[in-house]
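In order, the protein sequences belong to chains A and B. Counted the way this note's numbering counts, the first sequence spans residues 467 to 687. Counted the way this note's numbering counts, the second sequence spans residues 467 to 687.
Keep in mind that the hints were calculated from the coordinates and are not lab data. Heads up, a few of these hints could be off.
A pair holds if it fits inside one copy or across any two, identical chains being indistinguishable in the list.
With a straight-line Cα cutoff of 25 angstroms, these simulated SDA-like cross-link-like pairs (lysine to any residue) come out [stated by the list, open to error]:
(1) Lys512 x Asp618
(2) Lys512 x Pro585
(3) Lys502 x Glu483
(4) Lys637 x Glu471
(5) Lys550 x Gln674
Number of protein chains: 2
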Amino acid sequence: MRHFEEELDQLRNRLLEMSGLVEDSVYRSVLALSDKDPEQAQRVLKNEAEINRLEIDIDEQATELLTLQQPVATDMRFLTAGIKINHDLERMGDLAVNIVERSLYLMQEPLIDHLVDIPHMANLVRSMVHKSLDAFVRKDPDLARTVLLSDDAVDELRDAIYEDLIAFMEKEPKHVREGVNLMFVARSLERLADHATNIAEDVLFLVQGVDVRHHHVETRE
Amino acid sequence: MRHFEEELDQLRNRLLEMSGLVEDSVYRSVLALSDKDPEQAQRVLKNEAEINRLEIDIDEQATELLTLQQPVATDMRFLTAGIKINHDLERMGDLAVNIVERSLYLMQEPLIDHLVDIPHMANLVRSMVHKSLDAFVRKDPDLARTVLLSDDAVDELRDAIYEDLIAFMEKEPKHVREGVNLMFVARSLERLADHATNIAEDVLFLVQGVDVRHHHVETRE
Chain A
467 MRHFEEELDQ LRNRLLEMSG LVEDSVYRSV LALSDKDPEQ AQRVLKNEAE
517 INRLEIDIDE QATELLTLQQ PVATDMRFLT AGIKINHDLE RMGDLAVNIV
567 ERSLYLMQEP LIDHLVDIPH MANLVRSMVH KSLDAFVRKD PDLARTVLLS
617 DDAVDELRDA IYEDLIAFME KEPKHVREGV NLMFVARSLE RLADHATNIA
667 EDVLFLVQGV DVRHHHVETR E
Chain B
467 MRHFEEELDQ LRNRLLEMSG LVEDSVYRSV LALSDKDPEQ AQRVLKNEAE
517 INRLEIDIDE QATELLTLQQ PVATDMRFLT AGIKINHDLE RMGDLAVNIV
567 ERSLYLMQEP LIDHLVDIPH MANLVRSMVH KSLDAFVRKD PDLARTVLLS
617 DDAVDELRDA IYEDLIAFME KEPKHVREGV NLMFVARSLE RLADHATNIA
667 EDVLFLVQGV DVRHHHVETR E
């Protein structure tokens, strides 16, 4: 086996590559929806295969480094956080695919012009995803904290979107199927925000050794 | 620190305790829905706090054992699988809470008597959850494989339920809100099945060292 440091570097680079692919998928899935653009959708489906392959490589490499070497505490934290972040990234790739699948259906329908607040929610979530991955790359706890603070705003937007869509479907029952598809897009966006939050928590653990799960970050400050 | 074997035993027991709580939550969340029973719902919410506490304890203990000791390959696999299973279990507890929240709303409404195939799906999923946890406890790869084989049936049931509910809402727009809540129950059940599948995959990895992610198990046999 190569030198431990080289292996760690390769692992770090793979995680960066995976982050890049996931961020690209999230970005394009939202474009596929708002612009009704099937080419963006295809790119997301293409990324998915690559993301799944990388997930397995990263998981195997990180587990092997944990087993065969005796990493010091800092490297240990990086490896365990890396395993978790890897898992979150893979799920985020899946969620982008979910959004794309809904979008491919919605493309065939006359645009529901009041896409309610979904583009707004999508932008907020995309920014959370970007910041969480950036915080990981730059080991920046302050940036990670800003991600945690956005999570409530996403939940509120989701609730408002659900209410809008229910009212819309009650009034226009022939558009129930579109409404349902849009609800599932909002749901996938909310889950993307949850995974970005997980990653931000892992960054805080990685950088500061602070476990903020199941707590609001404010209570720890 | 106590002897490594004692620590492993405690970790195993905590995972068993957590499995028991999660299985109980899934069981009661389905009862809360089908029997409109708020007491079952309360028990699920009570379990949730305990599950979250256990998740952190298990994660910390497993990570510590990985770091401070130099486990042999079998223990290593148990520890890394344990970390993943722990994470899946925590998410399963959340999903049971989601089902309960939908059920608490649906309790106030006149029963949609054709709960479509949701009770059927719920039973199948409950059985998958039970088998995956049992396979983990008993280190039984054959049982784990039966879980993987049920995943497609769950997806088909979910699709059928979605179609039924869309038709129902189109016909009865005043019941859109109930329909939407039932869709989210079906969605949570499907996610529970996904997590049971993850656990079954981890059991196969744990027992046989075979990685079956992103593959159908049949292709490996």
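Do the hints match the structure? See the list:
For the identical chains of this complex, Lys512 and Asp618 are inter-copy neighbours only, at 23 angstroms across copies versus 32 angstroms inside a copy, given an alpha-carbon limit of 25 angstroms. When the C-alpha separation of Lys512 and Pro585 is checked against a cutoff of 25 angstroms, the pair qualifies only within one copy, where the shortest distance is 23 angstroms, while the shortest distance between copies is 36 angstroms. In this homomeric assembly, Lys502 and Glu483 never come within 25 angstroms of each other (Cα to Cα): the closest approach is 27 angstroms inside a single copy and 48 angstroms across copies. With identical chains, the CA atoms of Lys637 and Glu471 are never at most 25 angstroms apart, being 61 angstroms at best within one copy and 63 angstroms at best between copies.
In this homomeric assembly, Lys550 and Gln674 come within 25 angstroms of each other (Cα to Cα) both inside a single copy, at 17 angstroms, and across copies, at 23 angstroms.
In summary, the numbered hints that this structure violates are 3, 4.
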